[in-house]
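Asks: One-letter residues, chain by chain:
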Amino acid sequence: EAGVTQFPSHSVIEKGQTVTLRCDPISGHDNLYWYRRVMGKEIKFLLHFVKESKQDESGMPNNRFLAERTGGTYSTLKVQPAELEDSGVYFCASSHGENTEAFFGQGTRLTVV
Amino acid sequence: AQSVTQPDIHITVSEGASLELRCNYSYGATPYLFWYVQSPGQGLQLLLKYFSGDTLVQGIKGFEAEFKRSQSSFNLRKPSVHWSDAAEYFCADRTDSWGKLQFGAGTQVVVTP
Numbered sequence: 001e002a003g004v005t006q007f008p009s010h011s012v013i014e015k016g017q018t019v020t021l022r023c024d025p026i027s028g029h030d031n032l033y034w035y036r037r038v039m040g041k042e043i044k045f046l047l048h049f050v051k052e053s054k055q056d057e058s059g060m061p062n063n064r065f066l067a068e069r070t071g072g073t074y075s076t077l078k079v080q081p082a083e084l085e086d087s088g089v090y091f092c093a094s095s096h097g098e099n100t101e102a103f104f105g106q107g108t109r110l111t112v113v
Numbered sequence: 114a115q116s117v118t119q120p121d122i123h124i125t126v127s128e129g130a131s132l133e134l135r136c137n138y139s140y141g142a143t144p145y146l147f148w149y150v151q152s153p154g155q156g157l158q159l160l161l162k163y164f165s166g167d168t169l170v171q172g173i174k175g176f177e178a179e180f181k182r183s184q185s186s187f188n189l190r191k192p193s194v195h196w197s198d199a200a201e202y203f204c205a206d207r208t209d210s211w212g213k214l215q216f217g218a219g220t221q222v223v224v225t226p
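Chains as they are written, first to last, in the numbering used here: chain A, 1 to 113; chain R, 114 to 226.
Quick caveat, the hints were computed from the structure, so don't treat them as lab data.
A hint or two may mislead.
What the hints assert, rightly or not - Partial list, computed: chain R residues near chain A (C-beta under 10 Å):
#1 132
#2 135
#3 168
#4 174
#5 196
#6 203
#7 208
#8 212
#9 215
#10 217
#11 218
This one's a predicted model, so the numbers in the text were calculated from it and none came from an experiment.
In this text, a Cβ means the ideal position worked out from N, Cα and C, and glycines have one as well.
Produce the complete structure using the sequences and hints provided.
Replies: Written out as structure tokens, the structure reads:
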């Protein structure tokens with residue numbers, strides 16, 4: 001069974017550009033989470049989908065970030081326009097239901113220059 | 114507010130020696146606690162979790178953790194470390210019934226010959 005897959009693994013973009021990160025959860029997992037770790041800081045929650053619906057987006061830093069999960073399968077996280085402080089590692093995780101463990105992808109390292 | 118504290122940012126241990134990583138949580142209700150490991154170039158991998166029951170939890174790779182409610186701790190241990198245990202370790206607590214996680218700052222473990 002394939003794990004959580006994230007694309008790309010690395011991305012370097014200039015300030016002001018747009019970047020889209022993608023996450024493919026484990027098949028059949030209704031819950032999908034995005035987290036972010038900026039340099040030297042803790043891993044922070046961004047948002048949570050249950051199927052295609054946003055259950056909790058309390059961690060989204062501002063309106064430059066847009067997450068979607070069309071059809072309840074894969075998810076994208078778009079940053080537009082990117083700022084220097086958006087640099088970090090973006091993790092995606094999925095889980096089957098309540099009280100089940102979350103499986104994480106390997107992360108996307110985003111560098112904004 | 115709920116928090117997870119990992120007091121040690123960096124630990125150096127000799128191969129074959131024992132390892133203990135500290136984690137303290139702050140939350141009134143029964144915590145749901147996790148330890149994740151991130152090896153270089155890899156994603157977050159779940160080592161073990163505690164939901165309820167036996168307070169000594171066995172995980173993968175020879176790790177174990179003990180939940181101590183009186184001390185609000187969930188320390189991770191391994192009797193004899195291997196060079197491959199060099200990684201960053203994260204303690205996490207589930208903050209809602211949907212599985213949203215709050216992470217500690219992480220502990221970087223260096224293993225010397």
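Asks: Hint by hint, say whether it matches the structure.
Replies: Each hint, compared with the structure:
1. Because the smallest distance between the Cβ of residue 132/R and any Cβ of chain A comes to about 21 Å, over 10 Å, the interface hint for this residue is violated.
2. The criterion of a C-beta within 10 Å of any C-beta in chain A is not met by residue 135/R, whose closest approach is roughly 16 Å, and the hint is violated.
3. Evaluation of the residue 168/R hint against chain A yields a violated restraint, the C-beta minimum of about 18 Å exceeding 10 Å.
4. A cut of 10 Å between beta carbons decides the hint on residue 174/R: the least distance to chain A is about 16 Å, and the hint is violated.
5. Look at residue 196/R: its Cβ only gets to about 21 Å from chain A, farther than 10 Å, so that hint breaks.
6. The criterion of a C-beta within 10 Å of any C-beta in chain A is met by residue 203/R, whose closest approach is roughly 7 Å, and the hint holds.
7. Interface restraint check for residue 208/R: the shortest CB-CB distance to chain A comes to about 8 Å, inside 10 Å, so the restraint holds.
8. For the restraint placing residue 212/R at the interface with chain A, the shortest Cβ-Cβ distance is roughly 5 Å, inside the 10 Å limit, so the hint holds.
9. At about 7 Å, the closest approach between the beta carbon of residue 215/R and any beta carbon in chain A falls short of 10 Å, and the interface hint on this residue holds.
10. Because the beta carbon of residue 217/R sits about 7 Å from the nearest beta carbon in chain A, less than 10 Å, this interface hint is met.
11. Residue-level restraint check for residue 218/R holds (minimum Cβ-Cβ distance to chain A is 5 Å; threshold 10 Å).
Of the hints listed earlier, those the structure fails to meet are numbers 1, 2, 3, 4, 5, in rising order.
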